[in-house]
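There are 2 protein chains.
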Amino acid sequence: MLDTGLVFASDSRTHAGVDNIAKFCKMTVFSQTDQRVIVLLSSGNLAGTQAVISVLKQRNAKPGVANLSNAESMFDAVTLVSDAMRDVDRRDGHYLQASDLHFNASFIMGGQIAGEVPRLFRIYAQGNFIEASLETPYLQTGETKYGKPIMDRVITRSTSLNDAAKCVLVSFDSTMCSNLSVGMPIDLLVYQRDSLQVRMCRRFEERDEYFMALGKQWTEGTRQVFRHLPDLDW
Amino acid sequence: MLDTGLVFASDSRTHAGVDNIAKFCKMTVFSQTDQRVIVLLSSGNLAGTQAVISVLKQRNAKPGVANLSNAESMFDAVTLVSDAMRDVDRRDGHYLQASDLHFNASFIMGGQIAGEVPRLFRIYAQGNFIEASLETPYLQTGETKYGKPIMDRVITRSTSLNDAAKCVLVSFDSTMCSNLSVGMPIDLLVYQRDSLQVRMCRRFEERDEYFMALGKQWTEGTRQVFRHLPDLDW
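Protein chains in written order, with full-length UniProt numbering: chain W, 1 to 234; chain G, 1 to 234.
Everything labelled a hint here was simulated from the structure, so no lab data went into it.
A portion of the hints provided could be inaccurate.
As the list claims (entries may be wrong) - Pulled a few chain W residues facing chain G out of the computed Cβ check, cut under 8 Å:
| hint | residue |
| --- | --- |
| 1 | V154 |
| 2 | C167 |
| 3 | M200 |
| 4 | D231 |
Heads up, the beta-carbon is just placed ideally off N, CA and C, and yes, glycines get one too.
Build out the structure end to end from the sequences listed, making use of the hints.
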């Protein structure tokens, strides 16, 4: 979450063990031009996240019902996601527990509703949530560790949308080098503050030229930085 | 493990929860000039790692006993560490299990014994171990994820000892920015192949000038690299 807008990215790998991987988009957009843009990124058990998103979409289609199209604030919107999670958990939880499993879907949700500033949340599997702040402008979910240092070094609230988008892509590239549970394609969405519409959204497929060039230049650039770091005096 | 030698580093933080942290050196050196240099880095439960090292040191002082001073190869040496771990586990394991705990000490061990090339191992808590190879020249233990991407980008077998030492320090700096369970001081040891003695060993205390300068230059350098990455074409 930057002064000038929001950057969202998600990979597309789901797996049930390394011998069972698949591709599913983990980014869902709810938008009405000039009124609201709400982006949902999901992680965790696919059956859980898909059910939550289906519930949200169904409710969205019903005018009388409290839903993401008529929520007055991002706080109300995130509460609706939390409600949907708990509804799904109420239905499935017992059956999962019988196999020592539990409902582990979690989400990142952000966007802007007309009349409010852009806001960004992370929703835990229990349905409670935290909001990004000035001190901690970005949130991650899923396999977060490998990609975090580069974000910590580069991202501040005043980073440009452009630089932040590149940083997020490099962060994913770093994670994919180290962890098979994260994989292409990458979905990237850059939201310009107060635009109240989605203008920049792109999918990077396997072997995307720009994405590969970025990874290569980053590797070469960082090696260069190393060569210029001061030598250790023993 | 590089063509020209070995680089070892360890932090000094131990903890039993965030409300109980302490400093202990996790690097132990066994060396006899012109004969052998063996370096042991430990991670996991401190009672376990300290007991293993005490056992190894006591055995080392007894000439008739198979120990790290008379092991004929690094393979034999790492087997002796494994034996010591299993001896400690035999003594403590049942008592830990009664509290739902288990012996979770693990080690990185590397060095050179006259007549052999330098070798590097990672020993798991169960006492089995793997050896670094041409394809995967470095090994980590403990909180490994945050610091891994930078190693993957920079380290190959032909990296210089100097660059590798800087990379390891930056890797620790990245990890410490993200995880409170890793903390200063950092112990760094650089072993030159075939030297059969320790010439370069240094401790970086909190607020070490060189270490702080390194972190600062790295952050500035990487931000610079970002600014020069190609812009995304929407």
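| query | Does the interface hint hold: is W/V154 within less than 8 Å of chain G, judged Cβ to Cβ? | reply | 6 Å, holds
| request: Classify the hint on W/C167 as holds or violated, based on whether any CB of chain G lies nearer than 8 Å to its CB. | output: Holds, because the Cβ-Cβ distance from W/C167 to chain G comes to roughly 6 Å (cut-off 8 Å).
| field | Status of the hint placing W/M200 at chain G (closest C-beta pair under 8 Å) | value | 5 Å, holds
| field | Restraint satisfaction for W/D231 [CB to CB of chain G, less than 8 Å] | value | 6 Å, holds
Checked against the numbered hints given earlier, the structure satisfies every one of them.
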